[in-house]
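Listed here are the chains, written in short residue letters.
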Amino acid sequence: MSTLARAAFSAFRVSMRLRVVSPWAYLNWLVFPMIFAAVGLFVLSRPGAPASHLTYGVLGGGLIGYWSVAYLDGGNGIQDERWNGTLEQIFAVPTPLVVILLGKVAGSLLFGILSFIPTVALAYFGFHALLPHVDALRFAISLGVLSFTFFAIALTLTPLFALWRWAFQMLNGFELGVYVLCGFMFPVAILAPWAQLIAGALAPTWATRALYASTTTEGAHDYSTWWFAAIAVSVAYLVASYFLYRLVEKHARVSGDLALA
Amino acid sequence: MSRVAAEAAVFARSTYLQYVALFQWASVRGYVAYKVLLPVTQILFFVELGIYATGRQNALYFALGNALQLTANAGIFGVIGTVANERQFGTLPILLGSPANRLVTFLSRAIVNVIDGIATVIIGLLVAVVLFGLDLQHGNLPLLGLCVLVISGTTAGLGLMFGSIGLVMRDAIIIANVVYYILLVVCGINFPVSSLPGPLQLVSFILPLTRGVQAAREAAAGASLQQVAGLLGGEVLVGLVWAFGGYLLFRLLENYARRGGLQEAY
Chain A
1 MSTLARAAFS
11 AFRVSMRLRV
21 VSPWAYLNWL
31 VFPMIFAAVG
41 LFVLSRPGAP
51 ASHLTYGVLG
61 GGLIGYWSVA
71 YLDGGNGIQD
81 ERWNGTLEQI
91 FAVPTPLVVI
101 LLGKVAGSLL
111 FGILSFIPTV
121 ALAYFGFHAL
131 LPHVDALRFA
141 ISLGVLSFTF
151 FAIALTLTPL
161 FALWRWAFQM
171 LNGFELGVYV
181 LCGFMFPVAI
191 LAPWAQLIAG
201 ALAPTWATRA
211 LYASTTTEGA
221 HDYSTWWFAA
231 IAVSVAYLVA
241 SYFLYRLVEK
251 HARVSGDLAL
261 A
Chain B
1 MSRVAAEAAV
11 FARSTYLQYV
21 ALFQWASVRG
31 YVAYKVLLPV
41 TQILFFVELG
51 IYATGRQNAL
61 YFALGNALQL
71 TANAGIFGVI
81 GTVANERQFG
91 TLPILLGSPA
101 NRLVTFLSRA
111 IVNVIDGIAT
121 VIIGLLVAVV
131 LFGLDLQHGN
141 LPLLGLCVLV
151 ISGTTAGLGL
161 MFGSIGLVMR
171 DAIIIANVVY
181 YILLVVCGIN
191 FPVSSLPGPL
201 QLVSFILPLT
211 RGVQAAREAA
221 AGASLQQVAG
231 LLGGEVLVGL
241 VWAFGGYLLF
251 RLLENYARRG
261 GLQEAY
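Read top to bottom, the protein sequences are chains A and B.
Sequential numbering of the first sequence, starting at 1, is according to the numbering used here.
Sequential numbering of the second sequence, starting at 1, is according to the numbering used here.
Just so you know, the hints here were simulated from the structure itself, not pulled from any lab data.
Just so you know, even glycine gets a beta-carbon here, dropped at the ideal spot from N, CA and C.
Check the hints yourself; a few may be wrong.
As the list claims (entries may be wrong) - Reference excerpt, derived from the structure (chain A facing chain B, CB under 8 Å, subset only):
#, residue
1, Trp24
2, Ile35
3, Ala38
4, Gly40
5, Arg46
6, Ala49
7, His53
8, Leu163
9, Trp166
10, Gln169
11, Met170
12, Asn172
13, Gly173
14, Leu176
15, Leu202
Stated by the list, open to error - Output of the computed footprint for chain A on chain B, the stretches with three or more beta carbons under 8 Å from beta carbons of chain A:
#, region
16, 5-11
17, 37-50
18, 167-177
19, 183-195
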């Protein structure tokens with residue numbers, strides 16, 4: 001067990017060190033969130049706007065940055081190895097692939113969550129905006145649940161991106177659609193009913209809802225249902241990812257064509 | 001005359017080759033992802049944000065602004081990508097070693113992307129019409145078309161400026177990402193330029209799109225060419241200045257890259 005933990009930590013440390021020197025990492029956790037936060041705050045913080053609008057402006061950019069790093073950086077866990085020419089070594093080592101990816105995805109999440117620092121600072125110093133009412137405990141739990149949903153998505157996307165490159169292109173093109181469906185910068189409730197149904201199948205939607213609810217006294221506060229829904233959908237992703245990893249193993253070890261995919 | 005014809009032939013050939021070899025999205029999946037999905041979701045996101053913040057009556061303001069900003073998708077990503085890809089494919093030293101007229105080669109980088117930018121805006125406007133009921137019945141459509149043409153050209157001018165940096169920088173596409181999204185903040189796409197702090201307003205007026213989008217909004221409301229001539233003239237001028245500045249930078253960095261052997265540096 002301690003060997004596996006050490007392997008996961010090594011993967012975490014190496015991926016963090018690579019991230020620190022990558023300009024792409026800064027683009028995702030610093031530049032994009034700041035730009036989206038700026039647009040959100042300009043649009044949402046009009047004179048006379050309700051406090052709930054401001055909350056979406058304060059947290060929205062950070063959520064977008066967190067998500068971007070989680071799915072781009074975390075989801076490309078195997079793809080990166082392919083580009084770096086280390087794919088075969090990763091599969092040849094005795095450590096299970098999932099342990100290595102666990103460390104890498106954990107690194108992505110830690111880096112991604114930093115997105116909240118510049119965006120909240122922009123909101124405070126640029127727009128004098130603060131969260132009106134924070135239920136600290138429920139906020140922290142909701143953020144933890146949200147992190148779990150991102151973790152599950154990153155682990156699920158990793159084999160998907162490795163098996164089918166076009167999957168990354170499509171999700172990258174649909175990135176702003178995810179912001180819409182997950183309610184990162186405005187509530188999903190304003191969407192058409194069919195869009196809300198699709199949104200319900202995305203685990204972060206439920207966690208985001210709980211997160212925003214913990215910053216206001218208005219509206220429903222059905223935390224346990226939302227947390228449960230977020231975790232249940234995430235577990236479903238993880239179950240699906242199990243089969244995807246089996247497929248990846250097959251392509252890597254049996255047919256040996258993963259590096260060519 | 002024969003020299004002009006020869007240069008025109010080089011320009012046409014260069015444009016064609018730029019399309020077949022360097023166009024970023026020359027695959028069905030790539031085009032669908034970045035030229036259909038991205039525009040549709042960008043418009044959806046900002047229109048829904050606008051509806052949430054200001055009410056459904058302002059949806060068209062956001063829809064039109066974002067549909068027009070999509071020209072930058074081709075003008076910025078596409079143009080910067082041509083130099084970045086030239087470097088990545090290893091053909092940059094050959095290009096810089098060729099005797100071809102630099103201005104012709106330089107400008108040919110933009111043509112396909114200007115055309116593509118217009119196509120992207122048409123997709124964006126269709127989305128705005130179908131999903132959000134953008135009503136252009138009372139708009140001056142020929143003038144709106146002219147605005148789209150001008151904006152596509154001016155954003156490509158900005159793209160040429162930043163594309164030149166690709167001569168000495170490995171990850172020039174990062175610049176494309178930053179510039180593309182900054183245009184969303186400072187060019188009056190989602191909120192009026194007057195909402196910005198003073199220094200950012202100054203920045204907005206030296207960038208393409210700001211005047212063009214304003215002119216297009218007025219054209220969509222039925223304005224005549226005379227009413228928006230000043231805005232369009234200013235937009236053209238800004239685009240030309242960026243393109244000319246880009247050409248100067250291209251020549252400067254070309255020499256710098258050649259001296260330092262940076263064309264293939266990774």
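Interface restraint verdict for Gly173 of chain A against chain B (beta-carbon cut-off 8 Å): holds (3 Å)
Restraint outcome when His53 of chain A is required to lie within 8 Å of chain B by C-beta distance: holds (6 Å)
Hint check, Leu176 of chain A versus chain B [nearest Cβ-Cβ separation less than 8 Å]: With Cβ-Cβ at 4 Å, under 8 Å, it holds.
Against chain A, does the region 37-50 of chain B show at least 3 residues with beta-carbon separation below 8 Å? Since 11 is at least three, the answer is holds.
For the region 167-177 of chain B, do at least 3 residues have a Cβ located nearer than 8 Å to some Cβ of chain A? That given contact holds, which follows from 3 residues of the region 167-177 of chain B lying within Cβ reach (below 8 Å) of chain A.
Whether chain A covers the region 183-195 of chain B (at least 3 residues having a Cβ closer than 8 Å to its Cβ atoms): That given contact holds, which follows from 5 residues of the region 183-195 of chain B lying within Cβ reach (below 8 Å) of chain A.
Taking 8 Å as the limit, does the beta-carbon of Asn172 of chain A come near enough to a beta-carbon in chain B? holds (6 Å)
Are three or more residues of the region 5-11 of chain B within 8 Å, CB to CB, of chain A? Three-residue rule not met by the region 5-11 of chain B, so violated; n is 0.
Interface hint outcome for Leu202 of chain A [beta carbon to chain B under 8 Å]: violated (14 Å)
Next item in the hint list is Met170 of chain A. Is there a CB on chain B closer than 8 Å to its CB? holds (5 Å)
Return the status of the interface hint for Gly40 of chain A: holds when the least beta-carbon distance to chain B is below 8 Å, violated otherwise. holds (7 Å)
Min Cβ distance, Gln169 of chain A to chain B: is it shorter than 8 Å? holds (4 Å)
Violated hints, listed in ascending order, are 8, 15, 16; each of the other numbered hints is respected by the structure.
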